[in-house]
Amino acid sequence: MRLNVIVAVSENWGIGKCGSLPWKLKKDMAYFKTVTTKAKSGKVTWESIPENFKPLKDRINVVVSSTLSQTPSGVQVVPNLNAAINLLHSEEFSSIVDEIFVIGGYSLYKEVLKQTIYPVRIYPDIPVDTFMENGLTYKFCGYEFPSDI
Numbered sequence: 001m002r003l004n005v006i007v008a009v010s011e012n013w014g015i016g017k018c019g020s021l022p023w024k025l026k027k028d029m030a031y032f033k034t035v036t037t038k039a040k041s042g043k044v045t046w047e048s049i050p051e052n053f054k055p056l057k058d059r060i061n062v063v064v065s066s067t068l069s070q071t072p073s074g075v076q077v078v079p080n081l082n083a084a085i086n087l088l089h090s091e092e093f094s095s096i097v098d099e100i101f102v103i104g105g106y107s108l109y110k111e112v113l114k115q116t117i118y119p120v121r122i123y124p125d126i127p128v129d130t131f132m133e134n135g136l137t138y139k140f141c142g143y144e145f146p147s148d149i
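One point on numbering: in the UniProt record's numbering, the residue at position 93 of the sequence shown is 93, and numbering is uninterrupted.
There may be inaccurate statements among the hints.
Cβ pair distances, simulated, as ranges [claimed, not checked]: (1) G74 - E11: 33 to 39 Å; (2) L113 - A83: 25 to 31 Å; (3) I96 - S73: 33 to 39 Å.
The list that follows gives simulated cross-link-like pairs (lysine to any residue, SDA-like), each with its CA atoms no further than 20 Å apart [said to hold, decoys possible]: (4) K33 - R59; (5) K17 - E47; (6) K17 - R59.
Treat the hints as calculated values from the structure; they're not laboratory data. Built from N, CA and C at the ideal position, the CB exists for glycine as well.
Build out the structure end to end from the sequences listed, making use of the hints.
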């Protein structure tokens with residue numbers, strides 16, 4: 001089973017503002033939907049997803065949180081990253097899961113920085129208050145300057 005990271009970042013490696021994405025880009029969301037199949041997120045990222053998109057459609061939704069008060073329908077809640085990986089390796093999921101995507105937030109990104117990361121650069125620079133760690137090794141396959149910011 002391969003563990004991957006998908007993250008949209010601004011020019012200065014910003015990933016969030018006030019607990020949410022600092023942009024609304026249709027093409028970025030379409031790319032996210034195409035690439036991710038099994039999504040694992042932290043509590044803040046889960047809470048930032050609009051209610052009408054929860055749980056993420058056609059995915060196994062795993063939320064890493066030790067403080068989430070309610071377990072939403074169609075969602076697995078686990079206390080840490082290792083528990084999430086163990087859950088997806090379990091008999092219930094192992095035959096249908098070959099690839100896992102960490103979709104945020106900062107704490108989970110920090111834990112898996114040595115995995116395969118699919119960064120999507122967002123231009124122009126947008127005000128953010130949460131950043132990816134320095135020292136990432138990455139490869140960009142293409143650039144696009146969105147007009148729908």
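Do the hints match the structure? See the list:
1. G74 - E11: 33 to 39 Å: Holds: the Cβ-Cβ distance is about 36 Å, inside 33 to 39 Å.
2. L113 - A83: 25 to 31 Å: This hint is violated: roughly 19 Å between Cβ atoms.
3. I96 - S73: 33 to 39 Å: violated (19 Å)
4. K33 - R59: holds (10 Å)
5. K17 - E47: holds (13 Å)
6. K17 - R59: Status violated; Cα separation ~25 Å.
In terms of the numbered hints stated before, the structure departs from hints 2, 3 and 6, listed from lowest to highest.
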